[in-house]
Amino acid sequence: MDFALGRLGSRERLAGRGAAVRVDRVAKSYGAVRAVQQVSIGVAAGEFVSLLGPSGSGKTTLLMMIAGFETPDAGTLHIGDRDVTQAEPNERNLGMVFQRYALFPHLTVADNIAFPLKMRKLARADIAHKVEAALARVRLAGYGERKPDQLSGGQQQRVALARATVFDPPVILMDEPLGALDKKLREQMQIEIKQLQRELGATVVYVTHDQQEALTMSDRVAVMNHGRIEQLSAPQVLYDRPLSMFVADFVGDTNLLRGTVRTVEGDVATLELATGEKVQGRVASTTPPKPTGDASEVDSAVSMRELRTGDIASLCIRPERLGPAIEGQSRIFARFADAIYVGPDLTLVGSIGDGQPLRLRIGSRDQAWRPGVDGGLVVGWRTEDAIVFPGEPERT
Amino acid sequence: MSNAASPIRGALRPGASWMLIAPLLLLLAFAFFWPIVNLLSRSLFVPEFSLQNYQRLFNEPLYWRIFGRTFWISACCCLLSLMLGYPVAYAMARLKGWRLAFVAACVLIPLWTSVLVRSYAWVFLLQRNGVVNAMLNDLGLIGAPLRLLYTEGAVLAAMTHVLLPFMILPIFATLRGIPPELERAARNLGAGRAQAFMRVTLPLSLPGVSTGVLFVFILALGFYITPAMVGGPQTLMIGTLIAQQVTDLLDWEFAGAVSAVLMVLTMGAVITFQRALSVERLAGNAD
Numbered sequence: 000m001d002f003a004l005g006r007l008g009s010r011e012r013l014a015g016r017g018a019a020v021r022v023d024r025v026a027k028s029y030g031a032v033r034a035v036q037q038v039s040i041g042v043a044a045g046e047f048v049s050l051l052g053p054s055g056s057g058k059t060t061l062l063m064m065i066a067g068f069e070t071p072d073a074g075t076l077h078i079g080d081r082d083v084t085q086a087e088p089n090e091r092n093l094g095m096v097f098q099r100y101a102l103f104p105h106l107t108v109a110d111n112i113a114f115p116l117k118m119r120k121l122a123r124a125d126i127a128h129k130v131e132a133a134l135a136r137v138r139l140a141g142y143g144e145r146k147p148d149q150l151s152g153g154q155q156q157r158v159a160l161a162r163a164t165v166f167d168p169p170v171i172l173m174d175e176p177l178g179a180l181d182k183k184l185r186e187q188m189q190i191e192i193k194q195l196q197r198e199l200g201a202t203v204v205y206v207t208h209d210q211q212e213a214l215t216m217s218d219r220v221a222v223m224n225h226g227r228i229e230q231l232s233a234p235q236v237l238y239d240r241p242l243s244m245f246v247a248d249f250v251g252d253t254n255l256l257r258g259t260v261r262t263v264e265g266d267v268a269t270l271e272l273a274t275g276e277k278v279q280g281r282v283a284s285t286t287p288p289k290p291t292g293d294a295s296e297v298d299s300a301v302s303m304r305e306l307r308t309g310d311i312a313s314l315c316i317r318p319e320r321l322g323p324a325i326e327g328q329s330r331i332f333a334r335f336a337d338a339i340y341v342g343p344d345l346t347l348v349g350s351i352g353d354g355q356p357l358r359l360r361i362g363s364r365d366q367a368w369r370p371g372v373d374g375g376l377v378v379g380w381r382t383e384d385a386i387v388f389p390g391e392p393e394r395t
Numbered sequence: 000m001s002n003a004a005s006p007i008r009g010a011l012r013p014g015a016s017w018m019l020i021a022p023l024l025l026l027l028a029f030a031f032f033w034p035i036v037n038l039l040s041r042s043l044f045v046p047e048f049s050l051q052n053y054q055r056l057f058n059e060p061l062y063w064r065i066f067g068r069t070f071w072i073s074a075c076c077c078l079l080s081l082m083l084g085y086p087v088a089y090a091m092a093r094l095k096g097w098r099l100a101f102v103a104a105c106v107l108i109p110l111w112t113s114v115l116v117r118s119y120a121w122v123f124l125l126q127r128n129g130v131v132n133a134m135l136n137d138l139g140l141i142g143a144p145l146r147l148l149y150t151e152g153a154v155l156a157a158m159t160h161v162l163l164p165f166m167i168l169p170i171f172a173t174l175r176g177i178p179p180e181l182e183r184a185a186r187n188l189g190a191g192r193a194q195a196f197m198r199v200t201l202p203l204s205l206p207g208v209s210t211g212v213l214f215v216f217i218l219a220l221g222f223y224i225t226p227a228m229v230g231g232p233q234t235l236m237i238g239t240l241i242a243q244q245v246t247d248l249l250d251w252e253f254a255g256a257v258s259a260v261l262m263v264l265t266m267g268a269v270i271t272f273q274r275a276l277s278v279e280r281l282a283g284n285a286d
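For the protein sequence lines, the chains are A and B, in the order given.
Each residue of the first sequence is one higher than the one before, counting from 0 in numbering that gives the first Met the number 0.
Each residue of the second sequence is one higher than the one before, counting from 0 in numbering that gives the first Met the number 0.
Source of the hints: derived by calculation from the structure; they are not laboratory data.
Bear in mind that the values here come from a model prediction, so they are computed numbers and not experimental data.
Some hints here could point you the wrong way.
[What the hints assert, rightly or not] Simulated restraints on C-beta separations: (1) B:120 x A:28: 42 to 48 Å; (2) B:134 x A:70: 41 to 47 Å; (3) A:73 x B:272: 40 to 46 Å; (4) B:21 x A:104: 56 to 62 Å; (5) A:181 x B:272: 42 to 48 Å; (6) A:144 x B:12: 41 to 47 Å; (7) A:70 x B:143: 37 to 43 Å; (8) A:104 x B:12: 36 to 42 Å; (9) B:134 x A:104: 46 to 52 Å; (10) A:86 x B:175: 28 to 34 Å; (11) B:136 x A:87: 58 to 64 Å; (12) A:394 x B:175: 26 to 32 Å.
Glycine residues also receive a C-beta, built at the ideal position from the N, C-alpha and C atoms.
Work out the full structure, taking the sequences as your base and the hints as a guide.
Next comes the structure, spelled out in structure tokens:
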């Protein structure tokens with residue numbers, strides 16, 4: 000996992016250019032469907048926060064409410080010090096990038112970018128100057144007189160970015176802006192967006208269903224499910240210390256092994272699998288670890304039952320955390336049938352004694368530890384690398 | 000017929016295409032092109048080649064008035080149906096489900112109803128002891144019945160009513176095709192509701208508007224039934240004139256001349272309109 004993009008430079012944000020965004024107990028229903036349920040988030044000025052989740056999780060509805068296209072049924076929204084809950088979309092001074100670019104087809108690229116400046120009644124010379132600068136910033140200098148339908152997808156997206164940032168908004172909203180681009184282009188645009196954000200110092204709220212994107216670009220990620228935020232943490236915390244099974248499974252790859260709780264001592268739980276093997280892991284906590292540095296709001300709507308002996312529980316262990324069995328640590332026997340090669344890594348796909356699936360990830364160069372001819376291999380892990388959640392394994 | 004393979008799999012060979020179109024072409028040739036050519040040639044060649052029909056047309060001020068009136072009423076009808084039709088199309092474009100079906104029915108069912116029936120309905124409404132006069136009388140607003148029927152106003156009202164769907168439907172189709180995100184983007188960028196409409200939605204709906212205007216104008220120019228039934232001798236229009244010449248006066252030759260001039264003027268109007276539109280599009284982009 001490459002977290003570098005989000006971490007580097009996060010302390011170098013230009014102070015004061017962005018505005019903080021405060022979502023306070025916001026809810027929205029459409030008839031019987033509760034799209035967003037009591038969500039609260041605080042985004043610090045200049046921070047890059049992603050709303051991550053599957054379709055229907057409420058992330059787009061939440062973004063639409065921040066933008067002003069939907070009105071919350073309950074709760075308030077603040078941008079900086081202003082209460083914008085009831086404000087019209089054109090009064091909020093936000094930059095917004097849409098999934099399908101939403102460029103005005105009847106206007107040239109330059110006129111598209113000039114649009115927000117014209118709305119703000121800037122002088123002509125001023126507008127021309129800013130449009131040129133914006134075009135240069137997204138490396139499209141000279142493209143001003145073209146029409147949107149003469150540009151490629153990537154170029155259109157850059158024009159959309161230029162249009163959304165030319166008036167120096169304190170907050171930029173992005174609704175899955177890179178969804179329509181191919182992989183290489185997407186990765187390139189991710190870097191460009193981060194650079195732009197750092198240059199402008201703006202706060203960004205970014206909606207995506209691509210967890211890789213969210214982890215790479217964000218300072219913090221809000222994982223949403225069924226209209227609630229399951230966890231709001233920095234990418235590393237999200238990956239290493241998920242607060243719920245949903246987060247553990249949605250963010251990154253994970254194994255979920257079903258077993259019965261035999262003992263709970265302190266924060267270590269011992270499970271017995273159907274194969275009879277006994278394994279151990281940390282008990283999932285309901286409170287997130289203290290964030291480092293800036294104060295931030297966290298809303299975890301997940302309330303978990305206590306783990307009790309005799310309960311069914313799921314042990315979550317990431318494929319790359321499995322290794323050769325260590326003395327005194329958990330170990331199980333697995334048989335691997337398939338291998339997925341992706342260059343640097345090799346993912347072995349197999350199952351354990353009772354038929355439950357298991358995935359193991361090892362470096363493709365690492366020849367020393369491999370399954371035997373029959374595919375069998377004993378794998379183990381350190382207790383602190385595994386988390387035990389109450390309940391049956393639930394895959395997203 | 001050549002046996003050259005079709006360039007695209009599944010496409011018809013040219014010969015086959017012609018065979019499919021042939022019946023329609025034959026029908027059109029027989030029932031449409033031939034009668035028109037016949038009529039036009041009669042205006043020039045019966046009893047022998049002369050331009051007397053056309054001379055009569057251009058020399059009588061009466062006919063100038065008729066042409067002028069027809070163009071004027073058609074233009075007003077166009078404008079009126081645009082003003083009434085655009086809001087309906089706009090509202091329709093934003094509706095979904097049963098509401099959309101309901102409004103669509105309100106627009107389409109009159110379209111499918113016979114023009115004769117709709118024109119009669121206007122007669123019924125506007126005549127001396129018709130619905131409107133009766134209502135005004137009952138409300139005590141008038142003493143004696145008003146003369147509503149057989150006036151230019153009646154013709155304009157009835158024509159607009161009949162032609163309204165031809166304005167609404169193209170505009171609706173175009174508005175429907177505009178992605179809703181565009182209006183959202185405009186609002187987000189600082190435009191108020193009116194500004195977003197003027198700067199984004201309206202310009203993008205112009206193709207539909209021009210189609211609607213063209214439809215209504217052309218239909219109105221040649222309209223016969225409605226002006227004939229709802230209008231009087233003071234509101235004689237080209238269509239009614241031609242019908243008069245043919246059915247009452249049996250002067251086919253003159254009718255042919257009037258038709259020919261109407262055709263030329265209509266085509267001229269269409270061409271001018273198209274030119275004006277392309278120029279406007281070029282000019283609009285320099286904004």
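query: Does the hinted range 41 to 47 Å hold for residue 134 of chain B and residue 70 of chain A at CB?
result: 43 Å, holds
Pairwise beta carbon distance, residue 134 of chain B to residue 104 of chain A, judged against the given window 46 to 52 Å: Roughly 49 Å apart at Cβ, these two residues keep to the hinted range, so it holds.
task: Check the following: the C-beta atoms of residue 21 of chain B and residue 104 of chain A are separated by a distance inside 56 to 62 Å.
output: The hint (56 to 62 Å, Cβ to Cβ) is violated, given that residue 21 of chain B and residue 104 of chain A are roughly 40 Å apart.
- request: Just tell me: holds or violated, for the beta carbon distance of residue 70 of chain A and residue 143 of chain B against 37 to 43 Å?
  value: 56 Å, violated
task: Please test the hint of 58 to 64 Å on the beta carbon pair from residue 136 of chain B and residue 87 of chain A.
output: 49 Å, violated
query: Does the hinted range 41 to 47 Å hold for residue 144 of chain A and residue 12 of chain B at CB?
result: Hint holds: Cβ distance 44 Å, inside 41 to 47 Å.
message: Is 28 to 34 Å respected by the C-beta to C-beta distance linking residue 86 of chain A and residue 175 of chain B?
response: 29 Å, holds
query: For the pair residue 120 of chain B and residue 28 of chain A, does the Cβ-Cβ distance stay inside 42 to 48 Å?
result: 46 Å, holds
Hint check for residue 272 of chain B and residue 73 of chain A - Cβ pair distance inside 40 to 46 Å: 54 Å, violated
- prompt: Lying within 26 to 32 Å: is that true of the beta-carbon distance residue 394 of chain A to residue 175 of chain B?
  reply: This hint is violated: roughly 40 Å between Cβ atoms.
query: When you take the CB atoms of residue 104 of chain A and residue 12 of chain B, is the distance between them in 36 to 42 Å?
result: Once the Cβ atoms are compared, 38 Å apart, the range 36 to 42 Å for residue 12 of chain B and residue 104 of chain A holds.
query: Does the Cβ pair residue 181 of chain A, residue 272 of chain B satisfy 42 to 48 Å?
result: 44 Å, holds
The earlier numbered hints that this structure contradicts are 3, 4, 7, 11 and 12.
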